[in-house]
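Student: Take the sequences, apply the hints, and build the full model.
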Amino acid sequence: KAGVTQTPRYLIKTRGQQVTLSCSPISGHRSVSWYQQTPGQGLQFLFEYFSETQRNKGNFPGRFSGRQFSNSRSEMNVSTLELGDSALYLCASSVGDSQETQYFGPGTRLLVL
Amino acid sequence: TQLLEQSPQFLSIQEGENLTVYCNSSSVFSSLQWYRQEPGEGPVLLVTVVTGGEVKKLKRLTFQFGDARKDSSLHITAAQPGDTGLYLCAGLSGGSYIPTFGRGTSLIVHP
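Protein chains in written order, with the numbering used here: chain U, 1 to 113; chain Y, 1 to 111.
Wrong hints could be hidden among the right ones.
Stated by the list, open to error - Taking lysine-lysine and the DSBU-like style, the derived pairs with C-alpha atoms no more than 35 Å apart in a straight line are: (1) Y:Lys57 / Y:Lys70; (2) Y:Lys70 / U:Lys13; (3) U:Lys13 / U:Lys57; (4) Y:Lys59 / Y:Lys70; (5) Y:Lys56 / Y:Lys70; (6) Y:Lys56 / U:Lys57; (7) U:Lys57 / Y:Lys70.
Unchecked claim - Far from chain U by the CB rule (all over 10 Å, computed), these chain Y residues: (8) Ser12; (9) Ile13; (10) Asn18; (11) Ser27; (12) Leu45; (13) Thr51; (14) Asp67; (15) Asp71; (16) Ser73; (17) Gly82; (18) Arg103; (19) Gly104.
No lab work stands behind these hints: they were computed from the structure. We put the beta carbon where it would ideally sit given N, CA and C, even for glycine.
Tutor: Structure follows, in structure tokens:
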């Protein structure tokens, strides 16, 4: 079974631009979560989607948004990029039931100049 | 607010040495997970501990959950270069299945 895939793997943007990241979960998984990882703050939860609905949300500004499609693929969008948005963005998929294992993708490395 | 504190932040050791990584919190967790993340990859779940005082072994790795379910440790015996990576602990509390992560311990094992 193929793992979680994320595209693109690397991205360079400038301040003020917007960016869209994509995540394809493991086949059969209905939950997709997004995390931001930085050296200073570690792994921080952005939001989780389940069956096309946002089920949980972390403490990030409204510039960070996401959506999930009927095939469970998910996209994350960041508008009006700031230098501090430079990070590794990870998505993780799971079946969707509580307390089960999350499987992480390799991440998208975003650099904002 | 960082709910989970990991120590040490960095660890550089020689092959064959033993080491222990700690994960501490003032909060009680219903379960605690340990992940390993290698460069260029996402975290991979190693173990989940759910009972206070629980000890789990995974080959040369021993995981312990504190009696009060506020802390955990990871002990590696006879470390190998393949153990190199970022070790993350993550706590789950209440009915939430979204883990709260520590900042991680970066381990380098030199041959």
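Student: Let me make sure I understand: some of the numbered hints might not hold for this structure. Which ones are they, in numerical order?
Tutor: 2, 12, 18 and 19
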